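Novice: Produce the entire structure from the sequences given, and follow the hints as far as they go.
Going down the list, the sequences are from chains A and B. For the first sequence, numbering that gives the first Met the number 0 begins at 0 and goes up steadily by one. For the second sequence, numbering that gives the first Met the number 0 begins at 0 and goes up steadily by one.
Accuracy of the hints is not assured; some may be wrong.
Identical chains blur together in the list; that is why a pair holds if it fits in one copy or across any two.
[Claimed, not checked] Keeping only pairs whose Cα atoms sit at most 27 Å apart, straight-line, the calculated DSS-like set for lysine-lysine is: (1) 394 <-> 351; (2) 400 <-> 325; (3) 244 <-> 202; (4) 325 <-> 202; (5) 138 <-> 400; (6) 397 <-> 138; (7) 325 <-> 397; (8) 394 <-> 138; (9) 199 <-> 400; (10) 244 <-> 199; (11) 443 <-> 244; (12) 138 <-> 325; (13) 443 <-> 325; (14) 138 <-> 443; (15) 397 <-> 202.
Just so you know, these hints were derived from the structure itself, not from any lab. Quantities reported herein were computed from a predicted structural model and do not represent experimental measurements.
2 protein chains.
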Amino acid sequence: MALTTPRTMPGTLELLPREQIAFQSMLDTIRRGFEVYGFLPIETPAIEFADILLTKSGGETERQVYFVQSTGALEQEGRPEHALRFDLTVPLARYVAEHERELAFPFRRYQMQRVYRGERAQRGRFREFYQCDIDVIGKDSLSVRYDAEIPAVIHAVFRALDIGAFTIQLNNRKLMRGFFEGLGIGDGEQQMLVLREVDKLDKRGAEYVRGVLTGEMFALSTEAADRIMRFVEVRSTSLADAHAKLDALGSGTETFEQGRAELREVLDTVAAFGVPEAAFALNLSIARGLDYYTGTVYETTLNEHLDIGSICSGGRYDNLAANYTKSTLPGVGISIGLTRLFWQLREAGLLKAADSSVQVLVTQMDAAQLPECLAIARELRDAGIATEVALEGGKLGKQLKYADRAGIRFAVVVGDDELARAAVAVKDLRRGDQFEVPRAELVKALRVELAQEEVLTPMR
Amino acid sequence: MALTTPRTMPGTLELLPREQIAFQSMLDTIRRGFEVYGFLPIETPAIEFADILLTKSGGETERQVYFVQSTGALEQEGRPEHALRFDLTVPLARYVAEHERELAFPFRRYQMQRVYRGERAQRGRFREFYQCDIDVIGKDSLSVRYDAEIPAVIHAVFRALDIGAFTIQLNNRKLMRGFFEGLGIGDGEQQMLVLREVDKLDKRGAEYVRGVLTGEMFALSTEAADRIMRFVEVRSTSLADAHAKLDALGSGTETFEQGRAELREVLDTVAAFGVPEAAFALNLSIARGLDYYTGTVYETTLNEHLDIGSICSGGRYDNLAANYTKSTLPGVGISIGLTRLFWQLREAGLLKAADSSVQVLVTQMDAAQLPECLAIARELRDAGIATEVALEGGKLGKQLKYADRAGIRFAVVVGDDELARAAVAVKDLRRGDQFEVPRAELVKALRVELAQEEVLTPMR
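Specialist: See below:
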């Protein structure tokens, strides 16, 4: 028979079991962080009606969407009725509008699912990837205090992920908009174009950027160009410094002052949530491309790996679901693109290799001992210890090699000698040593060993 | 602006948060069971190459597959290159063939993901649903002992799910095939047709079935028809009874004897794994439609809800991935269709309403107390207690009503009176009572309350 070459679509990240265990451990850590902060789980179907996903005037989004058709639908003409979600925000908007009367507001939801984008296949670009999102949705209004809770969640999650020091950077779109309005740049589109030029400061230098801003395209005064460049370079080093730098901006338009007041309250409340001052900072260059955000905006970077870019971004928006309901639903939220983050950490050599999720292999030297092996395994499993039995039997050396290769830490050996002494031997394959325990105390002994391990490696 | 009606594709099961918590709890329980039995996680992309999914000659599968195309691909002619997986078995076969050299065999994997089928929309039929699968894959050979381990896992998982008494029913395709060969029905297709008729015994009665089997279509003798009907009615009530009923079948072809020997070993080993005799039984009517299975086959039914049908099925197969590799990869596995099971349990009123995953609401009576509320929340969260803060403040009664409606059990009240006494009040909204604890002992007190709850409701 002709074989079909086994392969996966480019742009997907398929992992070997031990990598999957490391990935799952990150998912679990994130979920635990979201839950401990009082967010509720939802899941939405991967397939949505295309008109739900594409309410906004197409463009980039429409080009990237994956349409879905059953065989019957393929045979008909016309645009497909269904498509795969490309983010978790549009499905959230649809969900909240659809179930509005059954939800309690503020609605605090977390959602950790895969999303799909028909990207050009390219290294580090994913067509299928996990997003881990939280959002708080208010009905009619939502206190700015929720904007301060989000960094507290981010901090708890990334501290628990244990991937190095990070900084949660904050800005406010009203502050930014008011600042530009004060310079006579009232149009949002124009503001974004200016910011795009200013983004080139690091690469092209101040001379180049000043040239563009004062040139034909923007026609700003040299003074305005310099003020913009100084504005976007503002970073704070502490809470007091953040307030001082906000003071130093001088007075501005009403929108500017509103944004500054919000930012001050958010910064103070972030500290009141217990986030250490070293973990968050003002960064007035953050805009978040989308028109979507209207107040606080966030980006998070790894201090030692700025090249990775933002690992967790989001912000405040005025109205989540205007396409689906007349209700006003303001909200604030963030998203972690876990597939990309995992891939980047792996590329950078920052991922610790996970042990197997299997903690013990019960070896089998002789078929006559199988019942005893199964009894041991059962006791270990009843105690919550993940256990595999070498049901095939065979040479002990081969069984131990299998355990070692699979990343299983402990091997229990039930030999005739040990059985005669009512004892079992335990090999610790990680430490490379071995000890014997009375049969009746095996579970207790392994529990102690594994509990110590958990203290040492909180990630697992 | 014209609104788009928020709605989901028929055939999907979208849950409200508290239902989602109950669903997630079942997923967690299943995963814990799979892990404690030493199965390793994998996840595969939802989108596969269509030629990988459709190696077998189309038919039913091809009609149900969802094809996937980006906008660019839509504009081109021809059959789409990609499709959504319709089960987890084909992706497993592709995965094992693709990563063969990097895996340790026997490869024990679990996989809990959604699959997609373009079914006709119909009550209780799902187009998107979770499958929770385990399989053990051997290289060249795999001991029949693994066939006995699968019921042990099923038993552990369904006991932990706590959805009522269940019976894991076993049969063996070799026994069945040998039996039919002994009656001169050597063709597998023909055997399946006979079994399909015999399936109607309950509905149409023995007279009708005997009529069909001895009629034009099958032309069996009355004796053969009666033997078939007696064979498929065999059920055991204990391990000894199972052996006795296997004895009573009399001698048969070589295939028949091989199947019987396997079935005996599997039944004995299932008992050695510690599965109580009441939880498993011989059922010689089980065939599992697929040609796929070659040895042991399983179905699991809820004793009090036979109408739900099998809630966990599977079996042994000779070669997992013949379409993708020349290696011989025998295996054994089962699948739980969790979305359908959840839906059926809900329909039957068997689902206990889950509490919120949020355990405590810290109320806020006065903005001046916000720092104290946040400090309390932080301590609770650091202790792993899922906590929400009523950041909006407002009337206490409204905050308590929100907690009650959301299914949050405890509300912490920080009033001026209590603050003056260095105490906090805790309202237990489930029990409808209230107690006061010293501020410094709040975390400890709530931990004790919640630990008691876990003892009482192991599902959460």
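Novice: With identical chains, the pair residue 443 and residue 244 could be close in the same copy or across copies; at 27 Å between alpha carbons, which is it: within, between, both, or neither?
Specialist: neither (58 Å within a copy, 42 Å between copies)
Novice: When Cα atoms must be at most 27 Å apart, do residue 199 and residue 400 count as within-copy, between-copy, both, or neither?
Specialist: For residue 199 and residue 400, the Cα distance exceeds 27 Å both inside one copy (54 Å) and across copies (52 Å).
Novice: With identical chains treated as interchangeable, where does the CA-CA distance between residue 244 and residue 202 reach 27 Å or less: within a copy, between copies, both, or neither?
Specialist: within (25 Å within a copy, 81 Å between copies)
Novice: At 27 Å max between alpha carbons, let me know whether residue 244 reaches residue 199 within a copy, between copies, both or neither.
Specialist: Classified as within: same-chain Cα gap 23 Å, cross-chain 81 Å, threshold 27 Å.
Novice: Given identical chains, is residue 443 near residue 325, meaning Cα to Cα at most 27 Å, within a copy, between copies, both, or neither?
Specialist: Result: close neither inside a copy nor across copies, 60 Å intra and 46 Å inter.
Novice: Check residue 394 against residue 138 for me: Cα-Cα at most 27 Å, and say if that holds within a copy, between copies, both or neither.
Specialist: between (66 Å within a copy, 17 Å between copies)
Novice: At most 27 Å between alpha carbons: which applies to residue 325 and residue 397, within, between, both or neither?
Specialist: between (67 Å within a copy, 25 Å between copies)
Novice: From the Cα coordinates, with 27 Å as the cut-off, is the pair residue 394 and residue 351 best called within, between, both, or neither?
Specialist: neither (31 Å within a copy, 49 Å between copies)
Novice: Have a look at residue 138 and residue 400 and pick one of within, between, both or neither, based on CA distance no larger than 27 Å.
Specialist: between (59 Å within a copy, 16 Å between copies)
Novice: Is it within a copy, between copies, both, or neither that the alpha carbon of residue 138 lies no farther than 27 Å from that of residue 443?
Specialist: Answer is neither; intra-copy 52 Å and inter-copy 35 Å both fail.
Novice: If the cut is 27 Å between Cα atoms, do residue 397 and residue 138 qualify within a copy, between copies, both or neither?
Specialist: For residue 397 and residue 138, only the inter-copy Cα distance (15 Å) is at most 27 Å; the intra-copy one is 63 Å.
Novice: At most 27 Å between C-alpha atoms: does residue 138 with residue 325 qualify within a copy, between copies, both, or neither?
Specialist: within (11 Å within a copy, 60 Å between copies)
In this structure, the hints that do not hold are numbers 1, 4, 9, 11, 13, 14 and 15, in rising order.
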